[in-house]
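Read off the chains here:
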Amino acid sequence: MTSTINSAEFRANNLKTTLVLGVIAVVLAILPWALGHFFESGNSWLRAVDFALLYIMLALGLNIVVGYAGLLDLGYIAFYAVGAYTFALLNSPHLQAVIPEWLFQPNFFVMMLIAAFVAGVFGVLLGSPTLKLRGDYLAIVTLGFGEIIRIFMNNLDRPINITNGPQGINNIPAVQFAGYDLGRPIEFLGVSFEKIHLYYYLILAMCFFIIFVSMRLQRSRIGRAWVAIREDEIAANAMGINTRNVKLLAFAMGASFGGVAGALFASFQGFVSPESFTLMESIMVLAMVVLGGMGNIPGVILGAVIVSITPEILRDVINPLQQALVGRKVVDPENLRMLIFGLAMIVIMLVRPAGLWPSKQRRAELAPKTKTISQQENDSLQDAERNHD
Amino acid sequence: MTASANTLLEVKDLKVAYGGIHAVKGINLEVKEGELVALIGANGAGKTTTLKTLMGMVKPAGGEILFKNQSTAKIEAHDYVRHGLVMVPEGRGIFGRLTVEENLLMGAYWRDDKAQIANDLERVYQLFPRVKERYKQLAGTLSGGEQQMVAMGRALMSRPKLLLLDEPSMGLAPIIVQKIFEIIRMVAAEGVTMLLVEQNAKLALQTANRGYVMESGKVTFSDDAAALLSNEKVQQAYLGE
Chain L
1 MTSTINSAEF RANNLKTTLV LGVIAVVLAI LPWALGHFFE SGNSWLRAVD FALLYIMLAL
61 GLNIVVGYAG LLDLGYIAFY AVGAYTFALL NSPHLQAVIP EWLFQPNFFV MMLIAAFVAG
121 VFGVLLGSPT LKLRGDYLAI VTLGFGEIIR IFMNNLDRPI NITNGPQGIN NIPAVQFAGY
181 DLGRPIEFLG VSFEKIHLYY YLILAMCFFI IFVSMRLQRS RIGRAWVAIR EDEIAANAMG
241 INTRNVKLLA FAMGASFGGV AGALFASFQG FVSPESFTLM ESIMVLAMVV LGGMGNIPGV
301 ILGAVIVSIT PEILRDVINP LQQALVGRKV VDPENLRMLI FGLAMIVIML VRPAGLWPSK
361 QRRAELAPKT KTISQQENDS LQDAERNHD
Chain F
1 MTASANTLLE VKDLKVAYGG IHAVKGINLE VKEGELVALI GANGAGKTTT LKTLMGMVKP
61 AGGEILFKNQ STAKIEAHDY VRHGLVMVPE GRGIFGRLTV EENLLMGAYW RDDKAQIAND
121 LERVYQLFPR VKERYKQLAG TLSGGEQQMV AMGRALMSRP KLLLLDEPSM GLAPIIVQKI
181 FEIIRMVAAE GVTMLLVEQN AKLALQTANR GYVMESGKVT FSDDAAALLS NEKVQQAYLG
241 E
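Chain order of the listed sequences is L and F. When you number the first sequence by my numbering, it's gap-free, plus one each residue, and the end is 389. When you number the second sequence by my numbering, it's gap-free, plus one each residue, and the end is 241.
Among these hints, one or two may not hold up.
Straight line, CA to CA, 30 Å or less: simulated DSSO-like cross-link-like pairs of lysine-lysine [said to hold, decoys possible]:
(1) K114(F) / K132(L)
(2) K360(L) / K114(F)
(3) K132(F) / K360(L)
(4) K132(L) / K15(F)
(5) K16(L) / K136(F)
(6) K132(L) / K132(F)
Bear in mind the hints are in silico, worked out from the structure with no lab data behind them.
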């Protein structure tokens with residue numbers, strides 16, 4: 001087609017990309033050891049990093065629904081919950097007696113597919129009654145959906161005990177991977193890898209897989225259809241896009257990302273309970289997407305890292321800071337931490353309304369180059385005038 | 001009005017009602033292959049409702065719509081394009097956050113003949129060199145006239161058998177409107193059959209082969225465009241003379 005790319009430039013870009021990716025790969029590979037080396041509490045930092053990776057998956061999933069298809073979802077954490085409980089129920093001894101043997105503790109990849117599929121089904125369940133809703137109305141319904149899922153998990157211990165209610169499900173075993181139990185330290189090349197390290201690499205790998213799927217989706221025909229629907233549903237329909245199915249697909253795809261993240265979360269924690277899946281969590285994931293840059297994959301990843309890591313950093317920084325400045329504890333560190341965090345988010349949104357790393361589209365939309373437009377309009381007018389004479 | 005072999009669209013006694021209000025009260029019209037037909041009338045005459053019903057976005061309360069001698073009643077809205085019924089919506093319906101070229105390619109969303117799509121894209125660029133100049137730009141940053149060109153180009157990418165234009169002049173400066181009608185003539189010269197719904201009666205009739213005049217949900221006049229232009233009553237009511 002018409003898009004001609006200078007091949008030398010292309011190769012140079014390619015080389016640069018490869019270099020950047022190489023550096024990132026090395027950094028990520030040694031990160032657990034670096035954290036252990038530089039910080040006394042290296043493992044708690046690594047734990048925060050593991051969670052940040054889970055949040056990246058969640059944020060990328062929500063990005064499909066909110067960023068691409070433009071459907072505001074305030075109950076997204078429900079799919080994380082569905083994935084987590086699916087893993088918990090199929091792997092912990094809690095329901096072992098009633099689950100058919102072939103389905104109990106399935107192979108890792110099968111388990112991930114099941115989690116993605118079950119969450120995807122719930123995505124369609126949420127999507128189908130809300131197809132005609134948009135914006136704030138959709139937000140209210142999805143908010144309700146998120147709460148319904150949580151309340152169900154809280155109360156499905158009676159009359160038949162399925163979810164074990166508010167106590168949650170424990171004794172969830174770690175993932176078995178190619179004959180290895182990720183719950184126990186593994187010796188490799190003379191180095192002992194603990195559970196938290198093993199999970200870091202597992203979650204990292206899944207995270208890369210999800211980033212890859214996200215990128216492919218964005219550039220695909222279906223990705224363009226999502227953007228078209230967000231821009232103008234009637235015109236999209238007239239182009240032959242089945243808006244109903246394409247929207248449901250957005251809900252299902254987004255939900256399945258959440259399901260995978262949830263399953264990893266359950267096996268990493270070894271324990272799930274309804275209180276991990278509150279409205280606040282949904283809002284945090286939405287904040288990651290919006291703050292990072294809706295619709296832009298690198299932006300969303302950045303948003304997820306910042307929103308999930310900053311509170312952890314503040315946790316370590318605030319008490320020494322208070323001691324140094326005032327000499328004693330004035331404010332409860334937990335409150336102060338959230339206060340600073342909230343303020344930081346407000347400042348970022350004021351300074352960069354399109355997010356920290358927005359897509360070029362979003363930037364153009366929020367900062368219209370009025371000068372260029374009027375220039376063009378002027379050109380058009382002159383052009384028309386010339387042709388008209 | 002009898003359906004001849006080359007009748008593309010035939011509307012028989014079409015009635016549309018919103019709640020209890022009858023917006024379209026039994027109209028007949030037809031479009032033959034190769035024709036450019038104008039549907040004119042004042043605000044609220046039922047033109048846009050008629051068009052929306054033709055595109056399956058509103059369900060008729062009565063009557064029949066035949067496209068290529070087949071009823072369109074069972075076709076889903078998103079399948080119209082596969083049958084060759086394509087609309088350029090009011091306000092152009094451009095996808096502002098896609099580039100110009102991506103917009104054009106959306107027109108070919110339903111097609112999978114890649115080579116032909118590339119050919120059609122070239123054809124559209126030849127027709128609108130201005131659009132080609134801006135192919136990488138986000139469509140939302142174009143001027144109104146340019147957006148209309150993109151909308152028309154996108155519709156052509158769908159390979160329409162019948163192109164429905166909803167108020168193409170709306171919201172544009174008079175000088176741009178002239179330009180838009182030139183584009184419509186260009187597209188007509190390519191052999192595309194069109195039904196043009198327009199408030200600017202004079203320009204529409206000067207451009208079209210035939211015309212229908214709608215007034216409060218009914219067709220009050222239908223004739224050759226030239227005849228309508230010289231019809232005294234039409235002149236008084238719509239042409240401001």
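Against the structure, the hints:
no.	hint	in the structure
1	K114(F) / K132(L)	violated, 33 Å
2	K360(L) / K114(F)	holds, 28 Å
3	K132(F) / K360(L)	holds, 20 Å
4	K132(L) / K15(F)	holds, 25 Å
5	K16(L) / K136(F)	holds, 23 Å
6	K132(L) / K132(F)	violated, 36 Å
Checked against the numbered hints above, the structure breaks hints 1, 6 and satisfies the rest.
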